[in-house]
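Full structure from sequences and hints, please.
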Amino acid sequence: MLVLIGILIIIAGFLLRFNPLLVIMASALATGLAAGLDIAAIIAAFGKAFNDTRYVSIVWIVLPVIGLLEAYGLQQHARSLIGRMKGATLGRLLTSYLLLRQAMAAVGLTSVAGHPQTVRPLVAPMAEAAAEAKNDALTDDQREEVKAFSAATDNVGLFFGEDIFLAIGSILLMKGVLEGYGYVIEPLHFSLWAIPTAIAAFLIHGLRLRRLEKRMMKKEAGA
Amino acid sequence: MITLGFVYVLAGLTFAAFAFLGLRDGSNPKRFGNAAFWGLLAVSMLAGDRLSDFGNGLLVLALVAIAGTGQIGRAPGGDVPADVQAERAERHGPFLLLVALIIPAVALAGTFLFKWLPGLADPKQATLISLALGVLIALAVGMARLKPPPLLPLQQGRRLLDAVGWAAILPQMLASLGAVFALAGVGEVVGDLIGGAIPEGSLFGATLAFGLGMALFTMVMGNAFAAFPVMLAAVGMPLLIKQYDGDPAVVAAIGMLAGFCGTLMTPMAANFNLVPAALLELKNPYGVIKAQIGTALPLLAVNIVFIWLFAF
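The listed protein sequences derive, respectively, from chains X and A.
So the first sequence is residues 1 to 223, counted in this note's numbering.
So the second sequence is residues 1 to 312, counted in this note's numbering.
Hint data in this document are derived by calculation from the structure and do not stem from the laboratory.
Note that CB positions come from ideal geometry on N, CA and C, so glycine has one too.
Keep in mind that the hints are not guaranteed to be accurate.
[Said to hold, decoys possible] Per the computed footprint, the stretches of chain X lying under chain A, defined by three or more beta-carbons under 8 Å from a beta-carbon of chain A, are:
no., stretch
1, 40-46
2, 126-134
3, 174-186
Below is the structure:
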């Protein structure tokens with residue numbers, strides 16, 4: 001039971017907003033000590049694991065390409081693509097964004113969109129405008145809910161699209177962990193098994209977006 | 001034959017270039033910290049296999065010390081002005097999207113090609129090697145057509161990485177923590193706790209415990225990456241895969257997605273749930289989480305049923 005102290009340290013450290021890297025290291029040291037390892041052995045074990053899992057961090061080699069494309073206006077182009085979807089209602093607008101976000105994440109374009117890049121400057125204002133078009137008496141609470149759903153839609157699209165891409169960190173992690181148990185599995189298998197959940201996420205969240213649209217069309221009489 | 005070593009060298013050289021360019025960036029008050037951090041990561045990529053385990057451990061301690069004492073920062077500005085970007089997007093828009101698509105296209109095509117033509121590249125690492133090749137091809141195509149200043153991709157890439165900061169190695173650190181947890185037997189202890197709650201011989205009970213455990217543990221840790229090795233060791237591997245002969249790819253892939261449902265419901269995943277609430281100036285800091293719970297809970301149920309249906 002004593003080895004669970006590492007989990008407690010993680011919870012406390014995150015709640016108290018210490019630097020997560022420090023929290024992780026403290027958790028590793030405490031867990032190792034609780035299991036009866038000496039400090040040098042824990043450091044060596046952590047170092048070996050860090051070296052063995054370097055492939056988790058190699059995704060950053062894409063940054064020079066993304067940096068080049070963004071300097072030449074990739075984000076603006078992506079925005080104008082989304083902006084061309086005219087005549088959209090709130091439900092259709094956010095559902096289209098959900099689909100686009102899932103599709104882009106599924107081909108590895110996770111950072112083309114995001115909260116600072118697309119949600120704040122584009123999706124949330126467009127969603128608000130779409131809601132206003134149907135209801136000229138939108139309350140502050142309704143406005144807040146539309147904005148919150150814009151951010152939520154980005155997260156759902158990202159989370160349940162990205163695991164379809166072969167070389168995303170979580171897939172490489174699964175591959176690495178299973179290899180530790182002697183199961184060598186190609187990333188493609190993990191990718192394929194992410195598809196049913198991606199479809200379910202689209203249906204469930206899409207349905208909720210339709211209901212959001214209905215709610216936002218109601219002029220709140222007393223509520 | 002191309003191996004993963006080639007990708008590590010490429011990554012090492014990229015991080016080394018980021019470190020070098022960062023060191024020369026006088027506008028960043030924390031340039032020495034940044035240069036040391038990316039420089040150490042370059043050493044890890046280039047020479048990690050030649051260091052002892054303890055040496056690698058000391059390297060990690062140094063990375064943690066630099067990040068933990070707040071020595072990493074980013075230079076202000078450096079963005080290409082928005083009107084210049086808009087004007088360039090007008091001219092190059094479709095080409096930019098095409099180049100962006102080269103990376104995933106080559107990653108996918110290479111994965112099949114290297115299977116089909118063995119001997120060119122290590123087939124076990126085909127995807128990662130193809131990803132690296134895709135980066136090189138996309139960079140070459142982009143440079144040939146756009147003709148930017150030669151250092152622009154590395155400078156802009158460095159700016160993007162500086163913006164991510166120490167969080168860039170968070171997934172790798174959590175994966176390593178998972179290894180220490182495994183060594184200390186944390187999975188077995190959590191497994192005993194959860195295992196005691198699973199009705200003996202109930203396949204659905206074990207599946208339910210695995211899915212719920214992934215979501216709950218992810219909420220606690222703020223990250224499905226950290227929950228995955230523990231829950232796999234506790235329930236996934238001994239019960240679902242070994243005892244009930246479940247397909248490991250299904251258990252892992254959909255189990256991870258059950259964890260993602262937890263990510264939607266926790267303030268611990270600050271960058272997804274709390275930061276956007278602040279960015280959108282919501283009155284309720286938990287407004288985004290509130291909007292997500294209605295999707296996360298039914299989707300978690302669906303994931304648990306999917307594992308039960310598809311893995312056995």
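So, going through the hints one by one against the coordinates:
no. : hint    : verdict
1   : 40-46   : holds (count 6)
2   : 126-134 : violated (count 0)
3   : 174-186 : holds (count 10)
Of the hints listed earlier, the one the structure fails to meet is number 2.
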